[in-house]
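Asks: If you want the building blocks of each chain, they are given just below.
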Amino acid sequence: MSVGSEIRKTPFHQMHVDAGAKMVPFAGYEMPVSYPLGIKKEHTHTRERAGLFDVSHMGQIRLSGEQVMAALESLVPVDIIDLPKMKTRYALFTNENGGVLDDLMVTNLGDNSLFLVVNAACKYADFKHLQDHLGSSCELELDDDLALLALQGPKAAKVLSGLAPAVNEMTFMTAKQVMINDISCFITRSGYTGEDGFEISVSSQDAENLADILLSSDEVDWIGLGARDSLRLEAGLSLYGHELDTSHSPVESSLNWALSKVRRLGGEREGNYLGDKIILNQLQHGSDTKVVGLLPEGRMPVRDGAIIQDENGNQIGYVTSGGFGPTLNKPISIARLETKYTNSQSKLFALVREKKIAVEIIKLPFVKHNYYRG
Amino acid sequence: MSIKYSEDHEWVDAKEDDLVVIGITDFAQEQLGDLVYVELPEVGDECTKGENISVIESVKAASDLVAPVSGSIIEVNSRLEDEPEIVTEDSMGEGWFIKVKLSDPAELDELMDEEAYNAFIEE
Chain A
1 MSVGSEIRKT PFHQMHVDAG AKMVPFAGYE MPVSYPLGIK KEHTHTRERA GLFDVSHMGQ
61 IRLSGEQVMA ALESLVPVDI IDLPKMKTRY ALFTNENGGV LDDLMVTNLG DNSLFLVVNA
121 ACKYADFKHL QDHLGSSCEL ELDDDLALLA LQGPKAAKVL SGLAPAVNEM TFMTAKQVMI
181 NDISCFITRS GYTGEDGFEI SVSSQDAENL ADILLSSDEV DWIGLGARDS LRLEAGLSLY
241 GHELDTSHSP VESSLNWALS KVRRLGGERE GNYLGDKIIL NQLQHGSDTK VVGLLPEGRM
301 PVRDGAIIQD ENGNQIGYVT SGGFGPTLNK PISIARLETK YTNSQSKLFA LVREKKIAVE
361 IIKLPFVKHN YYRG
Chain B
1001 MSIKYSEDHE WVDAKEDDLV VIGITDFAQE QLGDLVYVEL PEVGDECTKG ENISVIESVK
1061 AASDLVAPVS GSIIEVNSRL EDEPEIVTED SMGEGWFIKV KLSDPAELDE LMDEEAYNAF
1121 IEE
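Line by line, the protein sequences are chains A and B. Quick note: the first sequence, position 295, residue 295 per our numbering, numbers continuous. Quick note: the second sequence, position 104, residue 1104 per our numbering, numbers continuous.
Don't take each hint at face value.
[As the list claims (entries may be wrong)] DSSO-like cross-link-like pairs, simulated, lysine-lysine; straight-line CA separation at most 27 Å:
hint, chain 1, residue 1, chain 2, residue 2
1, A, Lys158, A, Lys128
2, A, Lys355, B, Lys1049
3, A, Lys330, A, Lys356
4, A, Lys355, B, Lys1015
The hints are simulated quantities; they were obtained by calculation from the structure and are not laboratory data. For clarity, every value in this text was computed on a predicted model and none was experimentally measured.
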């Protein structure tokens, strides 16, 4: 594991440059924010066909040991022990105050082994968190020599099953090890766009080869981080550092759906994770804040940091993520509001450059999810 | 008279003695990416060289339009409010932002000509 101050490159770096990408520093890596197609068209391409994303900056961690399932359960409010083999589940690392250290995907590889995908900006802190708490009972490996590609969109399954027919047997949040032209690929049917799609973990030395094979399909184009953000925003998916942070619990961030029944009050394996008392209490009695979708009136984007006020000018929350939704062709925002206002029919306003913009609370997601559930 | 350019990537086209049309350059438009919203000043507003007069929003971020000259705003391209993509398609023409009556025409001499601007963006 190396944590240099130097900016790092993913195995696809030269391909991005050759494709004319605009490269920006992101979480210690030089990453493509957009390609000559432009963010709006990249976004639409993903909603209509299939987008290929380099997400190799994310952390890929392997966790193994006889008690690995129970061990990971001690750090997340999620059912890991009953996670079936080759199934994937969304989870959150919590801290002592019930706040969120990171969100992650967990796949049960079988044979007392788990595979985690964590956020790029948190990966070394997450790894240390795992070492500190589980280092004595589990073997841990943060594999920086793995690349990660996401293939997302309604044509993703057609493209990938043409190369590996076994992919057709997969449903949302399942995993499979397959060969694509002699390249060993670990695939989960998951993603961060709201569309059907896959994340493909592959060794660095095979990475470019695999990307070339995928890009040879007419349906597939490179998509940058700019469109990745507008796609996840429309899909109402949380972004660490925006909807999720160390000072707000999963309940305060409206992620109750991610908290497994068996780990809740009265469940078979109730609590027993960091911050459990606070989170269980909030699940029972509610929390002071919630995260909701907002539709601003007009065309002006209402971005993160904008203050939300009630009719009388009292601050009742703030925008955590906001921008423009190309699929809806209008501005969309996600905000953290005081809970008592989240069902309110009263008029709310966002402050943008001292102007008051009327906003309407709307149920997330903005754009319906198209996951393949079989 | 030829078109002048500012270091903030605006073009200033002097139509008559003290009347100019202002927009953003093709280079600026390319850097910003897809535009989704343009907030224009009001006709009658005064602008002062170096101060923000407009906000340009791309999918990713909001950027300020800085006045390259001082004067009073006599016309704004209100088409941009509903069709900001005109700036992307024709930044030097149909995608103009504002027309300004100059209060100090000598400020034009402080701007770059095309050759100097091209050298400036090469840096």
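Asks: Each hint needs a verdict: does it hold in this structure or not?
Replies: Tested hints:
For the hint pairing lysine 158 (chain A) with lysine 128 (chain A), the CA-to-CA distance comes to about 39 Å; that exceeds 27 Å, so the pair is violated. Proximity of lysine 355 (chain A) to lysine 1049 (chain B) is assessed by CA-CA distance (about 23 Å); at most 27 Å being required, the pair is judged to hold. Taking the CA atoms of lysine 330 (chain A) and lysine 356 (chain A), the gap is near 17 Å; set against the 27 Å cutoff, the hint holds. Using a Cα cut-off of 27 Å, the hinted pair lysine 355 (chain A) and lysine 1015 (chain B) is violated, with the two alpha carbons roughly 34 Å apart.
When held up to the earlier numbered hints, the structure conflicts with 1, 4 and fits the remainder.
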